[in-house]
Amino acid sequence: MSDTAAQTRHIPDRLNSRAFRILRSWETLLLGVAIAIFVINTFTSPYFLNAWNLSDATFNFTEKAMIAFAMALLIISGEIDLSVASIIALASTAMGLAVQYGAGTPELVLIGLGVGLLCGAFNAVFVTILGLPSIVVTIGTMSLFRGISYIILGDNAFRGYPDSFAWFGQGYLYWVFTVEMLFFVVIAIFYGVLLHKTNFGRAVYAIGNNPTAALFSGIRVQRVKFILFLLTGLMSGVAAICLTSRLGSTRPSIATGMELEVVTMVVLGGINILGGSGSIPGVVIAAFVMGLVTFGLGLLNVPGIVMSIFIGLLLIGVIALPRLWSMFTARRAS
Amino acid sequence: MPQSATPVQTPVVSMDAITKTFPGVTALDQVKLDLYPGQVTALVGENGAGKSTTVKVLTGIYQPNGGTIRIDGTPIAFGNPNAASDAGITAIHQETVLFDELCVAENIFIGHAPRNKLGLIDTREMHRAAQVLLDEIGAPFSTHAQLRDLGIANKHLVAIARALSVDARVVIMDEPTAALSHKEIEELYTLVETLKAQGKAILFISHKFDEIFRIADRYTVFRDGAFVGDGLIADIDENALVKMMVGRAVDQIFPTRTPNLGEDVLQVVGYDHPTEFADINFTLKRGEILGFYGLVGAGRSEFMQSLFGITRPSKGACKINGKIRIIRSPADAVANGIVYVPEDRGKQGAVIGLPIFQNITLPSLKRTSRSGFLQLAEEFKLAREYAQRLDLRAASLDQDVGNLSGGNQQKVVIAKWLATQPQVIILDEPTKGIDIGSKAAVHEFMTELASQGLSVIMVSSEIPEVIGMSDRVIVMRDGRIAAELSGDDLRPETLVRHAADITTAPKRQEA
Chain W
1 MSDTAAQTRH IPDRLNSRAF RILRSWETLL LGVAIAIFVI NTFTSPYFLN AWNLSDATFN
61 FTEKAMIAFA MALLIISGEI DLSVASIIAL ASTAMGLAVQ YGAGTPELVL IGLGVGLLCG
121 AFNAVFVTIL GLPSIVVTIG TMSLFRGISY IILGDNAFRG YPDSFAWFGQ GYLYWVFTVE
181 MLFFVVIAIF YGVLLHKTNF GRAVYAIGNN PTAALFSGIR VQRVKFILFL LTGLMSGVAA
241 ICLTSRLGST RPSIATGMEL EVVTMVVLGG INILGGSGSI PGVVIAAFVM GLVTFGLGLL
301 NVPGIVMSIF IGLLLIGVIA LPRLWSMFTA RRAS
Chain Y
1 MPQSATPVQT PVVSMDAITK TFPGVTALDQ VKLDLYPGQV TALVGENGAG KSTTVKVLTG
61 IYQPNGGTIR IDGTPIAFGN PNAASDAGIT AIHQETVLFD ELCVAENIFI GHAPRNKLGL
121 IDTREMHRAA QVLLDEIGAP FSTHAQLRDL GIANKHLVAI ARALSVDARV VIMDEPTAAL
181 SHKEIEELYT LVETLKAQGK AILFISHKFD EIFRIADRYT VFRDGAFVGD GLIADIDENA
241 LVKMMVGRAV DQIFPTRTPN LGEDVLQVVG YDHPTEFADI NFTLKRGEIL GFYGLVGAGR
301 SEFMQSLFGI TRPSKGACKI NGKIRIIRSP ADAVANGIVY VPEDRGKQGA VIGLPIFQNI
361 TLPSLKRTSR SGFLQLAEEF KLAREYAQRL DLRAASLDQD VGNLSGGNQQ KVVIAKWLAT
421 QPQVIILDEP TKGIDIGSKA AVHEFMTELA SQGLSVIMVS SEIPEVIGMS DRVIVMRDGR
481 IAAELSGDDL RPETLVRHAA DITTAPKRQE A
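Chains as they are written, first to last, in UniProt numbering: chain W, 1 to 334; chain Y, 1 to 511.
Okay, chain Y solo, but in the shape it has when bound (with noise of 0.2 Å):
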């Protein structure tokens, strides 16, 4: 149920039916958002929800393709990220983009440097000006310090400070204790009461509701790219706005199939890293379609590479087919059977510059191959052969990848280890970023390959995906396994719950 606050000022942002497609993508569609000075306003919803694109809108990056974006009640077109910056617009991102070689002093003003009278940058002003920001900010370096020299905490203190030198009146802070300690998590809130105090309008893009509920004023709930609905923090609860962000509507499809599950395939036993993922253990049967659900840094990719050979584990041991086996390197993984779907396609999947066939042949050359020497007919062969089970839309097998749109290369990348005859395939999210007509094509794919016996690891971060394609899921918070579900436990709500940790009732705020 769309819901809406009284406004009880006017705000200082407001985006009004903002629309922004992308080829195949309707990333917005007619998003409401207003932010008022001296608010925090937390920006809700499920990876995919579009909280990103709207980060980008604001600050100019991305051009909205309709819907109208007011300054004080103005209208307002950002042409690029410049203009957003000159309206008092600034965001500290996820990975915060400074530049690590330079000092602090010179990361805050860089691009606004004091000069002096010869047009040079006055270095003295400069970290005289910078060390007045820090101490606004109560920040424990020096402005002399390199900045590569800080821990995350400091460089966000870095970004914050840069945004009061060009006198911010909107801070957009993206996920900014995603990478945070307990204590500097207090120092950070400490510091956005400072802004709040400042009169400076504040969007805060969380996924933890601990934090939403203590720290934001109000909220702004996004589903799939819409508006769902905004208001007072004071007046809603956790399970209310859970709801508001995971319930849809029916209107994505699943294959139905009833699981045909064989003998364990892979075991995995105590799998520890250092720093990504610690105490990882489950076991995979033939045939099964086993989910991953997380929060964005949960860790599931990091444990997925380590699998597949790409990082070593300091620690466990991988069973496949009862035996013990050692995975040093992705060749060692695929000579055992695991195969790995990256997300980042264009830089971990295909080999841009190669042709469809070569990709498609590169894992299985000692198949199509006669002692080391090419044979091109067989590899066009293997190649047509999973191009034409994958339906590739291509101009020819000739043709180079890089000329795909993401939906086929994600087909030569999951052709290419097809062809290898394997027994797991592991699936980062797998239709991240792919049209509605082939992420149906992957999903009935995956359907098949099971009822074939392959095994299925699926890493997901889209929840109805990962509930309508999964026999079991397991998710993992903070690198560890929260929770492994199945059956009637495998509800939204639920994989929500365990994933962000909402287990006591939410500690109110007085607003």
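This is chain W alone, in the form it adopts within the complex (with noise of 0.2 Å):
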């Protein structure tokens, strides 16, 4: 191959080295804003920087992290999940459903891992299957979902769950680190292995870009997406297990609108909404600078309905934030 490679045309693998493409990246911005966040929070809040205190702000989005990630793959593969927040109500429901009748802590996880699983097949099967629209049919599922805890529970609660279970959402492993923070670290090492350094990674790509030449170029890309919405049915239970276990209780209202604030964390950490693109680093920086917000308006005794107000300017103002310099530099330009 050198003989012919010295007579022919030769083509760079790359034109930008790796360091302009980082400095240039959705992440670096965003990471930008996290440290201007941090910084501002130290300001502000004389109890802001205290190890404690900072290590409780971090189940502001553990739970809703570890589905953010297996929701961004979703997202790239072109197809979304709104049913995640009504999985864990189910989810949750079942394991107290389970403690009524003696079951314990392993128990209990099979239990919340099954019915995530479950629910994501009950997903997958109508979309990939049955090739309906994700946003149509996980609507649905949002309301079936947990209109059955609804029906389960009514107003009661199941409480009683063993000493033993509230070791996932309330453990230390050391000092300040929680379970939590560990789980979070695992899963978000797995789905940036998952996406960026396996084939399975590159065909999410290659669907989310184009599904009818990714078919067209030999993937099976029903059987993908399918994978794709066990995964997040998965995580979703995870964050079941975590939520229930910290709470120490289970209500069908758990987790309401949880769905909204996961999606805006990965389109926060640059996933395009349309599929295609985005990366893992982009959603663990878009977690923290949520969870940093949302800790330091907390410190400020800021409402939670205001809050939210705060989150959604964040996601219009970080995402018109590169269209707006692209128009100003063009304008300069001309």
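You may find that some hints are simply not true.
Only pairs whose alpha carbons sit at most 27 Å apart, straight line, appear in this in silico BS3-like list of lysine-lysine [to be verified]:
| no. | chain 1 | residue 1 | chain 2 | residue 2 |
| --- | --- | --- | --- | --- |
| 1 | Y | K155 | Y | K196 |
| 2 | Y | K196 | W | K197 |
| 3 | Y | K155 | Y | K183 |
| 4 | Y | K366 | Y | K323 |
| 5 | W | K197 | Y | K381 |
Honestly, the hints are just simulated from the structure, not real lab data. The structure presented is a predicted model; accordingly, all values stated were derived computationally and were not measured.
Since each chain sits alone in its own frame, please combine them into the complex, following the hints.
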């Protein structure tokens, strides 16, 4: 091959260096935002720079982020799952029900993960086998899954989870480091590797950019999408275990509205809502940004409803910024 | 021999020395076309002769680079489709552009619906006017019917009613009978007669010789984007018309080769599909280039996609190297060494948005990766090898394929498949819409592949390409194999005859 390479036209692998690409990336911009918020928080509240307070603040985003990583892959592939918060409700209800029949922690974990997987499979069947649009299917199952929880629980709540079950949502590994942080890190690495370092991840990008051409390239498009729905369901199951363990009780309204916060985190992380591009490091930084904003505002005694205004403005602002910048530079150039 | 008829009256529309170029391609080269009131002019030519471009120039979708369009002798320029519509030119397209979710009356009057005093759409008046138009053309459905529920023939009627509603003087019919049954075609002919009687000028585009001789008063022939001749239908016969269509100067040189055929690689037995094709049987030998010729809609691409696992045949078997293989998906086809380079590069070929190297390695990831994990160095190596073999012109392998020219995108798609080391490569219209230079490169490359023992199936609607490249040609018509030709039988006239089913002498219509 080297002989012919000398004769024929040489095409370089890449034009821009790695450093240049990283510098210009969305993730770098987002990291700047994260650092800025960190600095602002440090100055506005004396309670911010405290290891225990910061540790507590991570609960703001760890559970959402677990789902967001799986959701990121799903959105890159051009699909979406809006039923994730309802899957949490159903999985949590199932675990609470099992407690009434004397289930122990290992059984509860299996039930939580199992219900998550089943719900994911349910969504997947409608989207990949029947070919229905995922946004419609999962809006439907969003009501369906939570509806089942309401039928089972009504106005009641399940309590009485075993003491050992508290480890997932309330446990500490060492000093201020929580069990949920460990889950967050392990899951982030898992999805980062899956998306960026494997053939499967490449297929996800190909499908998101052009599902027809991906099919015509021999990729089993529907199989890949099925797996992505399963993974999102499974992560909702994991989040259900952590959240139920942390709260110590199950109500049917658990995690209401969390699906939109998850999608916000994914989009803030630079994942194209239309599919095809984005990265896991972006979602990791977005998780921290959202956690820092919520925590900082909380320290200032800003009520929750106002907090959601800030998160909304942040999302629109961060997304509009690069666009405004390019319009500005284009005008300067002309 | 260019020949011109003496006009008996002044044309409504006359195109004079119209030229339209696209980057790298001259689609129309100084063509002329005259349309007369109360007469049907047939525009005849092979695929790629420039008929569709002509329609788009006439309807204001394309702006010509040179030449004049005259309406009643006055030069006019259409800046946009509305200008053409205002000038009374309307087109009924191959796939008629209407709105499925609206009712018949709304479709007829969209953009110029009657208004009431408040400026809102006067629904009652609209339905009344629509009913008048439908009665005029004898349409058998209600003005309230949803367009979605109508068949293709009735949709054509809606399009015609729409043309009448804007008081069109020129009606362009682009292969209007392509999807119609015999009875519906007869009804369409009657309608064309009605329009003629109303003094409308009709441009009729068709590949079917029987209907050209049945319905047209005049003909105009284009070839390779250039005007060849025109005249009265009464003055010409089918053989002469076919000759004008296909006869060409030898300006394209195809690589010569001595085929070195090996054993049977692919055997297709009795492939059937409920709607697209039926009873397809053939064998393909190692190192052979097999051409598939036919008119648009003959079922060639549909059959190829079925062979590639996109659609499932209802019946039939496929043997690869003598063993029966079941192909349920493109992934199965690739695993069995069959690959497909689609006609629609933008949608089905390249994954726009992914860089070149990822496009090339997409079906070969199993080979370049280690237990499911990507090895970028291996990917770049494989991508570079095939990019250089195809002489790809790109700034870097990391460039988005979307930024490449059509010809280079095609090279990426071909490179992608060659990297899988296939046994059979199916090329669907491999040189359609790419410049002459890239065309020659693709032809050269096909020859090289065949000589290396790859079997090539080439679907092409360009007669010179089919004849110049193929060892053997299968002609398809209406989803079936109409003929299998090789050697001395490979002549342009023979191909056209089998593709269009001209077996008997044409019946003349008294003018």
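Check each numbered hint against the structure and report the violated ones by number, ascending.
-> Violated hint: only 2; rest satisfied.
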